[in-house]
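**Student:** Residue strings, one per chain:
2 protein chains.
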Amino acid sequence: MKQIGVGVLGFGTVGAGVVEGLLKNRDLMAQRLGVDIVLRKVADLDITTDRGVTVPDGILTTDAASVLHDPAIDIIVELIGGTGIAKTFMLEALNAGKSVVTANKKLLAEYGDEIFNAAAANGVDIYFGASVGGGIPIIRVLREGLAGNRIETIHGILNGTCNYILTRMEQEGLPFDVVLKAAQEAGYAEADPSLDIDGFDTAHKAAILASLAYGFPVPMSSIQVEGIRNLSGIDVQYASQLGYRIKLLATIKHHDSEVEVSVHPTLVPLTHMLASVNNVFNAAMVRGDLSGDTLYYGRGAGRAPTASTVIGDIGDIAHNLALGKPRYGRAINNANAGKIAMRAPEAVVSRFYVRLMVSDKAGALGQFTTILGRHGVSIQAASQLEPISPEAVSSGFVPVVMLIHPTPDAALSEALEEVLQSGVIGEKPVKLRVL
Amino acid sequence: MKQIGVGVLGFGTVGAGVVEGLLKNRDLMAQRLGVDIVLRKVADLDITTDRGVTVPDGILTTDAASVLHDPAIDIIVELIGGTGIAKTFMLEALNAGKSVVTANKKLLAEYGDEIFNAAAANGVDIYFGASVGGGIPIIRVLREGLAGNRIETIHGILNGTCNYILTRMEQEGLPFDVVLKAAQEAGYAEADPSLDIDGFDTAHKAAILASLAYGFPVPMSSIQVEGIRNLSGIDVQYASQLGYRIKLLATIKHHDSEVEVSVHPTLVPLTHMLASVNNVFNAAMVRGDLSGDTLYYGRGAGRAPTASTVIGDIGDIAHNLALGKPRYGRAINNANAGKIAMRAPEAVVSRFYVRLMVSDKAGALGQFTTILGRHGVSIQAASQLEPISPEAVSSGFVPVVMLIHPTPDAALSEALEEVLQSGVIGEKPVKLRVL
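Residue numbers (my numbering), protein chains in the order written: chain W, 1 to 435; chain P, 1 to 435.
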């Protein structure tokens, strides 16, 4: 049986998971793929810390160059992360004619164009399944299974930390800060959680999914990103009373010559499959013109799930190489570069949830609904709800929650600004999207 | 750009969907795959009925042989169905060196071994993504994305007709017969619905999934199959009261040297993702040793969704062929033939739901619990519930519903038979599995 050599760069959590999986399931994969995948080398600056996996002698090294240029290594697995040395090593691997597997979403979201071009120029494979969705094979599905579809929409819960926090906020009625602290103590959130909770991790993943679906590089700067840091428990509870669950959602939509990509805390109806995705689990719902709605669910992070996808990618390349050559050509392509534009955030049309603290003086309700109407904002439902807690309400104001019919973001923002200026509400309005 | 020719056999619902999709999204696929997929011929005995798609002149033919032996056709798409002429044509295509795409679950479940061997002998690809799950790329995920995993369990809702019937039974409190009739009128059930409602369609799909996951041909005769024809609305309602939803579930489990494959109406906890899969939608939850739980959801049948998967398969083969050769080797393999056995149905251990109509005489409860105990059957919870309707209860008997701790099927069956013989219950007990 033909042997394909693998070198791993980065022996952290995911790296150790990949090494463990490759060693454990080597025979099984050989049986399935008809090729023997051999772990040749693992490089990391730190090769003394116990990673919970027994590596055969002679595999661990601190010398990345010896991995990148080992002629017995066909596939380089980049699991260092970040956009520094990881980028240098990846380009070096591609230029040395090695195929590459990576889970590095930040690198692909920010330098994908350069990296995919290098893979193409060298005629090698680059697989990045684990960059989005951890153990969920969403990249593969989008690239291959749904290849015959025009992708109409993608809605994704792509960050486990945020989903864990939102789940506990809803189920236990706790405020954001308290749950974040608990998540940090439980190891579900980083000491510096901003990449997750401010939505940028989700945005990186959304950029990769949109680039793959539409064939052009989606610039990070064009994605409107709103995290969950300022989300109030009050709105989580009101949403629940209205039959919704708030999720940090990546929204990708195709409109003829434009694509809309954004990240927002979004009200999802309880009857929607995405509402059932709780705790650290991730999911993406993809609507194709032929397939209709399809959903992919699983663990979005973690050692073994991420390793599962990395190893699936290694298996693909190994199978290709065993047949004689890489299968280059199904990575992200730029066929639509310059042909599709990003929709401006202000122009995005959505349903909205709005919470106002309205003066309980007579006429207040009429006053702000008149302002909304003048801006073409149409109210689908409005109700004055019981205050969640007495302290949450300033005296003389009552909470009014509204669901707004599909409206351009800009129109609603202007209307709410005018309502605020009018003095009829007591604090800045809360505006959330509704799926 | 290299052109790859496609010939379609069978211009029925799915065939027309594939033809429409290939014509509509040809440019898009060329852009994504770097190969131009050209529909060359479509054969059917009936080429005059309007199928809702405009086919260019010269494509439609009643002569299948002219498709099978056209040198400009590289890929044959078999959408005739059944195990008769479809099998003949498929073998003829493989032997003529054509790669094949099929959605024919019955043919693969019953003659898969012969067909995969013919593909191997001829060094061509055979793809069968649409044989299970319609628009859900579950076959691809199992074959490729999860290739690095030992598959521990698969639980699937794989028949849209049954799921539609069960959803309406629960939501509207209607009996099976009434909903079946409505489903037939709405076109969601066949005039002869037995293949669906008796569970055999689900069993065909389970056989294919298990064969793929474990590398040996799973004989249909070894699968215990129970459909939903005899399912009482009473149990649907009681299950709901207990926090469960009844689904027709294919269960596939790996135990060392044995694999368990069965099809049963099964109580699924409402908090489980599979419980949220309603109406005609299908889903499969796959647990890998690395990935953990992953779930795939979408439309399990229908013209466009099934075409989506067929076209994804065509795209794969076309991409392979454009690179020089088929990618044979990732179909079902028989590496474990003779090494893994099917677990006998009696030996399968499961949690169970049991409903007994128990005599309301003093001591009856003690009598049957004693019998259960003697057979090692342990009761997790038991309650005497309100009768769903007065007519449903024979005078002198009260409904008792129990959840049973994991027990071998045989032990519970024997215990319940003894309870029935003892005269303490008024009718045959109801026994359902619990996930």
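Bear in mind the hints are in silico, worked out from the structure with no lab data behind them. Just so it is clear, the structure is predicted and the values come from calculations on it, not from any experiment. Don't take every hint at face value.
One copy or two, either will do: identical chains are not told apart, so a pair holds if it fits within one copy or between any two.
Heads up, simulated EDC-like pairs for lysine to aspartate or glutamate below, C-alpha to C-alpha not over 16 Å straight-line [stated by the list, open to error]: (1) Lys339 to Asp27; (2) Lys24 to Glu170; (3) Lys181 to Glu226; (4) Lys2 to Glu418; (5) Lys24 to Glu152; (6) Lys24 to Asp289; (7) Lys24 to Asp36; (8) Lys361 to Glu414; (9) Lys361 to Asp50; (10) Lys2 to Asp36; (11) Lys106 to Glu427; (12) Lys361 to Glu258; (13) Lys253 to Glu152; (14) Lys2 to Asp256; (15) Lys431 to Glu346; (16) Lys339 to Asp57; (17) Lys24 to Asp63; (18) Lys253 to Asp293; (19) Lys2 to Asp27.
**Student:** Taking 16 Å as the upper bound on the Cα-Cα distance, should Lys24 and Asp63 be classified as within, between, both, or neither?
**Tutor:** Close neither inside one copy (25 Å) nor across copies (52 Å); limit 16 Å.
**Student:** Could you figure out if Lys431 and Glu346 sit no more than 16 Å apart (CA to CA) within one copy, between two copies, both or neither?
**Tutor:** within (14 Å within a copy, 57 Å between copies)
**Student:** Indicate which option fits the pair Lys2, Asp36 if close means a Cα-Cα distance not exceeding 16 Å: within, between, both or neither.
**Tutor:** within (6 Å within a copy, 32 Å between copies)
**Student:** Checking Lys24 and Glu152: alpha-carbon separation at most 16 Å within a copy, between copies, both or neither?
**Tutor:** between (40 Å within a copy, 15 Å between copies)
**Student:** How would you classify Lys181 and Glu226 at a CA-CA limit of 16 Å: within, between, both, or neither?
**Tutor:** Cα proximity of Lys181 and Glu226: none, with 20 Å in one copy and 49 Å across.
**Student:** When no copy is named, should Lys361 and Glu258 be tagged within, between, both, or neither for a Cα gap of at most 16 Å?
**Tutor:** Classified as neither; 45 Å inside a copy, 73 Å across copies.
**Student:** Checking an output row: Lys24 and Glu170, CA cutoff 16 Å. Within, between, both or neither?
**Tutor:** neither (39 Å within a copy, 44 Å between copies)
**Student:** Are the CA atoms of Lys361 and Glu414 at most 16 Å apart within a copy, between copies, both, or neither?
**Tutor:** neither (24 Å within a copy, 73 Å between copies)
**Student:** Are the CA atoms of Lys2 and Asp256 at most 16 Å apart within a copy, between copies, both, or neither?
**Tutor:** Close neither inside one copy (47 Å) nor across copies (28 Å); limit 16 Å.
**Student:** When Cα atoms must be at most 16 Å apart, do Lys339 and Asp57 count as within-copy, between-copy, both, or neither?
**Tutor:** neither (53 Å within a copy, 32 Å between copies)
**Student:** Are the CA atoms of Lys339 and Asp27 at most 16 Å apart within a copy, between copies, both, or neither?
**Tutor:** Between copies only: 14 Å across chains, 46 Å inside a chain, cut-off 16 Å.
**Student:** When Cα atoms must be at most 16 Å apart, do Lys24 and Asp289 count as within-copy, between-copy, both, or neither?
**Tutor:** Only across copies: Lys24 and Asp289 sit 10 Å apart there, 40 Å inside one copy, limit 16 Å.
Violated hints, listed in ascending order, are 2, 3, 4, 8, 9, 11, 12, 14, 16, 17; each of the other numbered hints is respected by the structure.
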